[in-house]
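Chemist: Order-wise, the sequence lines are chains A and B. Just add 987 to the spot in the first sequence (first one is 1) and you have our numbering. Just add 12 to the spot in the second sequence (first one is 1) and you have our numbering.
Hints are computed from structural coordinates only; laboratory data are not their basis. A couple of the hints might just be wrong.
Derived contacts from chain B toward chain A, CB cut-off under 7 Å, selection only [unchecked claim]: (1) V84; (2) F90; (3) T92; (4) I93; (5) F209.
Not close to chain A: a few residues of chain B, all C-beta gaps over 12 Å, as computed [what the hints assert, rightly or not]: (6) K72; (7) F101; (8) G178; (9) F179; (10) T182; (11) Q220.
Computed footprint of chain A on chain B, listed as stretches where at least three residues anywhere in the stretch have a Cβ under 8 Å from a Cβ of chain A [said to hold, decoys possible]: (12) 36-48; (13) 109-117; (14) 194-206.
Note that the coordinates shown come from a computational prediction; the quantities given were computed from them, not determined experimentally. Cβ coordinates follow ideal geometry from the N, Cα and C atoms, glycine included.
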Amino acid sequence: MLTQIIAISLGAILTNNFIFSQFLGCCPFLGCSSKVDTATGMGLAVVFVMGLASAICWVIYTYVLVPLGLTFLNTLAFILVIAALVQFVEMFLKKSVPSLYSALGIYLPLITTNCAVLGVVLLNVQNHYNFLESVVYGVTGGLGFMLAIVLFASVRERIAFADYPESFEGFPICLVSAGLLALAFMGFSGMKIV
Amino acid sequence: MNIKKQFKEGLITNNPVLVQLIGMCATMAITTTLFNGVGMGLSVLVILTCCNVVVSAIRKIIPDEIRLAIFVVVIAGFVTIVDLLLQAFIPALSAALGVFIPLIVVNCIIIGRAEAFCQKNTVGASFFDGIFQGLGYTCVLIVMCVVREFLGSGRFGGGLIDVTNGFRFTLDGTGGGIQIFPADYGASILNLPFGGFITLGCLIALMQFALKRSKKKKEEAEKAPQDEEKEVA
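Using the sequences provided together with the hints, build the complete structure.
Modeler: Right, dumping it as structure tokens:
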């Protein structure tokens, strides 16, 4: 059981990193990574929402969709759950932890359309994870996202001073450096949990 | 809105991936064989067109505050339909694209077009917008697939074209494609995630270069007659 959990966590953070090997959540990864501060905020918000979404969607899938034989509606149900969840988290934070709310700012509502969140709940179903495994996969997947976006933001702060061809300005140079980071993460793929 | 202008916008000047820079996740993830690229592109095209038509048809009824939620429900409905159709009729494609078919729900292209275009335009214009934006997306996917497949494993049309018993198209993903040079000589690194990032980066850079150049040319063309007038004066 414990090895399974450790395997899932290491897989989600390093070997099968959500961004660098599964390409989930690239839009916020490229959009919100110009500064390390905002990248950290975004990463934290994603960890939080991914963990919560995994837990709630697992409950809804197992106790509502499966008994009713509506599993083919899972995409529709999950996206609604995520949208409602993000809205709820936003209201909750606004009332009770205003400092965190203002730190996350616009990134909270944007998480609804982060494909890493919908991706993780769909993968939970696909891999037949139980409740604990789903939550672990959600949280560690979010941590992997956070690691990637913080690393990338630090790289981007230095790219600003680099000398690259004019046509590569903006997104292209970011994509190329993200590719190099992905290559670095490939190094983890040899790891195996005994 | 004339169709010709929309066509040009969808494919070149306002291409969803290369210019608007949205919908990149799937673009980088699934473009390893031509089979995946064409399948994904056409799925998005169909979903985008249907969603555009529905959203623009109901644009006057839906209240402004909850419009995004309604868009998402419409999109998720069509995505589910396409997902189930693919599972039933082209299971190989469904297996190859995996989680990326349901993830079309959160593909920014579709919600972006609903928000930016369909809300303000008629059903007909939205229909063509869906087709052309979808075509623009499909073209980018195809270009990425062709480049990555050719440089990565020396093939063309993997999964889609079968040449073992004469030339034919397959839909079960078993076609080996046309081998142009031995796979061992290919830069197999392009088949890895790294290849997705790099190829898309270079493609966008190329697009920026081309757009900048055509803009410059236009400016020069506008400038030239003015200079002549000055000289005359």
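Chemist: Could you tell me which of the hints above the structure violates, numbers in ascending order?
Modeler: Result: hints 2, 4, 11 break, sorted rising.
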